[in-house]
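Novice: Chain by chain, the residues:
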Amino acid sequence: MSISANLKYTKEHEWVRIDGDTATFGISDHAQAALGDIVFVELPEIGRNLDAAEAYAVVESVKAVSDIYAPVAGEVIEVNALLEAEHEKLNTDPYGNGWIAKVKMSGNSDELMSDHEYAVFLEE
Amino acid sequence: MSTLLRTPLYDEHVALGGKIVPFAGYDLPVQYKNGALKEYTAVREGEAGLFDITHMGQVRIEGKEALAFLQYVSTNDVSKLVDGQVQYSALLNEQGTFIDDITTYKISDKAYYLCINAANRHKDVAHLQQQAVKFSVTVTDDSDGTTLLALQGAKAQAALQALIDIDLESIAYYRFARGKIGLNGSTSGGIISRTGYTGEDGFEIYIPNSFAVSMWKALLENGAVPIGLAARDMLRTEMGYALYGHEISDAVTPVEAKLMWITKLDKSDFIGKQAVEKRKGEGAKKRLIAIKLTGRGIPREHYKVFVGGVESGEITSGMYSPMAGGVALAYVKPEHAESGAITVEIRGKQVSAERTTLPFIRSNVRK
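Just so you know, the sequences run in chain order A and B.
The first sequence maps to residues 8 to 131 in the working numbering.
The second sequence maps to residues 16 to 382 in the working numbering.
Calculated directly from the structure, the hints in this document are not laboratory data.
Each hint should be verified, as a subset may be incorrect.
As the list claims (entries may be wrong) - Result set (DSS-like, lysine-lysine): computed pairs, CA atoms no more than 27 Å apart in a straight line: (1) Lys109(A) to Lys364(B); (2) Lys70(A) to Lys319(B); (3) Lys53(B) to Lys364(B).
Claimed, not checked - Sample of chain A residues facing chain B (criterion: CB under 10 Å; computed from the structure): (4) Gly43; (5) Asp44; (6) Val46; (7) Phe47; (8) Glu49; (9) Val65; (10) Glu67; (11) Ser68; (12) Lys70; (13) Val72; (14) Ser73; (15) Leu89; (16) Glu95; (17) Asp100.
Claimed, not checked - Which bits of chain B does chain A cover? Going by a derived footprint, with three or more residues having C-beta under 8 Å, they are: (18) 38–50; (19) 298–311.
Ideal placement from N, C-alpha and C gives every residue a C-beta, glycine not left out.
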């Protein structure tokens, strides 16, 4: 199971990459492996304001429907439309081409785990 | 049931990276390490998929009134079977609703073999034994000693033929051979039928538990790919095959479930016949239809179906088909079965769909 460095993580196995006031969201390698083959992604609308921990996207695997939660609060400014056709990128490249959405942050990321903390969390 | 049962192949499933889930009282693999989609693809695109379906039950019906008994307890016309033939059928209660759907194997006029659903096994056996007191017949539950494997896909015959003496080419669709199966120098009795639940050519293999691991390993060595429950459900749903607890249950009759083709009202009396005749005369309470989403999304079990903006019923089986997209079976009000714009409610939104015909994709069974 890989954990990408320089990202922050939630206990729901989402990651966030923070660059200035822009945050990019995705799901961790652990999450994609637990979900299994992903066959559908429902992306949020541009301009939607998200609270931290709000369900903002839906990922469906062969057997299950899963909500994906925002790691930090913010306004959606971009979504990865590639996933609508190539949903398997969430399985094959969760930290790269499998990113889900970008937001303009309106909150902080103090509650999130570092990669090291997430590794420990996965061990528990 | 407090503890989950394991088939003789449990350790094999774990060794192959099987993700074990509870299913019908058993610990079974929902998928192996490469995932459900690759397993699905192996079966659909020319390989041989190997399924442990040992959880299913087997019942022997023996005695001089075996035929009369089965005519009375099951819906299809058992007198049409020749020795070595298999028939899809159902057990109904007096209300005409389903106790189970079954396959009936005719060994002789005095000996039949039934394959029944795992979740219904004890209910079925109790029902059959209760009815058997009126006939000169014995009902024997063989489930605990029997391993059932399904081998499905274009390469199924080649993978199995290399292991056994029975000439598989001589077994036609819905026929079976019964006899000695030799494997690694030992032999045992078994049944091999050209049947399945996937829409591909293939076999179902009934062997004693003592043979399970060696048969499983030999088939894998011959190139078969292990397939879990998730891919199995995808394959059966694409064919539109009914599954107990989904399309059929004790709440519907064959009139609703589109299973009048296995319900022979012109044969002698059988349990549920009067109720089915009555329902047929009154008309179905609801009707099973096949739909395909034209909007984005995956239709799933229990999602509501609307026709002309009015709630009409719900999905009984739904899936993402790599070949056909979002497809589902659904019950709707009888007046909505043929016409009216269909939508499926997905997370509060109406997603457009259209009626289609079954199977959702082409069947490759050898008819």
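Novice: Against the earlier hints, flag every one the structure doesn't satisfy and list their numbers going up.
Specialist: Violated hints (numbers, rising): 3, 14, 15, 17 and 19; every other hint is consistent with the structure.
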